[in-house]
Amino acid sequence: MFMRDTTLRSPLVDVIWPARSLTRDSLLVIATSLLLALSAQVGFPLPFSPVPVTFQTFVVLAAGAVLGSRLGALSVLVYLTEGMIGLPFFAKGAAGIAYLRGATGGYLLGFVAAAFVVGLLVERGWGRKVSTAMMAMGIGNVVLYVFGIAWLQTILNISTTKALFLGLYPFIAGDLYKIGIGALLLPVLGNFLGNPKD
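So the sequence shown is numbered by this note's numbering: it starts at 179 and just counts up by one.
Hints are not guaranteed to be accurate.
Simulated restraints on C-beta separations [claimed, not checked]: (1) 336 x 221: 17 to 25 angstroms; (2) 208 x 338: 20 to 28 angstroms; (3) 208 x 279: 20 to 28 angstroms; (4) 303 x 223: 35 to 43 angstroms; (5) 199 x 346: 35 to 43 angstroms; (6) 328 x 221: 29 to 37 angstroms; (7) 333 x 202: 36 to 44 angstroms; (8) 340 x 198: 40 to 48 angstroms; (9) 274 x 332: 27 to 35 angstroms; (10) 343 x 278: 21 to 29 angstroms; (11) 354 x 302: 29 to 37 angstroms; (12) 340 x 201: 42 to 50 angstroms; (13) 358 x 195: 36 to 44 angstroms; (14) 209 x 359: 18 to 26 angstroms.
Note that these hints are calculated values from the structure, not bench results. Ideal Cβ positions, reconstructed from N, Cα and C, are used throughout, including at glycine.
Given these sequences and hints, build the entire structure.
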């Protein structure tokens, strides 16, 4: 009953910090980009895959859900720019444009699209309930993997089946866990912080 009644009508940031300004948006984008950089260092490599397990997926989906489509995607773009210009913000402290040409480049580009899609869905009311919040984050995750798998298949010149074994299947369980946590927190926090109801 509690979960059914929880609601979220807009990105969570507009509930927490409703007074929009360039200063507010800039601070949110920079803070989120730094959080993405930190989450890239939290993880571990898989011996059979060129794609490491990190906490970034959760942060990307949360960025879209909390900040909305525009600021969520912009935060990821700023993070990628920071890494490309030489800051050690990618996994294992890597940096530089060359890193984006590697096996994980598609996932990094997919982060932008995933954050945007999740934010767009939340802006259309998908953050109102746990079930729809989970769907929004699930769709965002699928978008991310479309970019990642296609890139992995191209860069390694492997079959789709092989790319799925290297870049999707090992991560499904962990991603479902992350999506579940995010989907539970989003509408509950929105309701707790006083987002107005119809």
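Report task. Hint by hint, work out which the structure violates, then give me just those numbers in ascending order. Result -> Those not satisfied are hints 2, 6, 9, 11 and 13.
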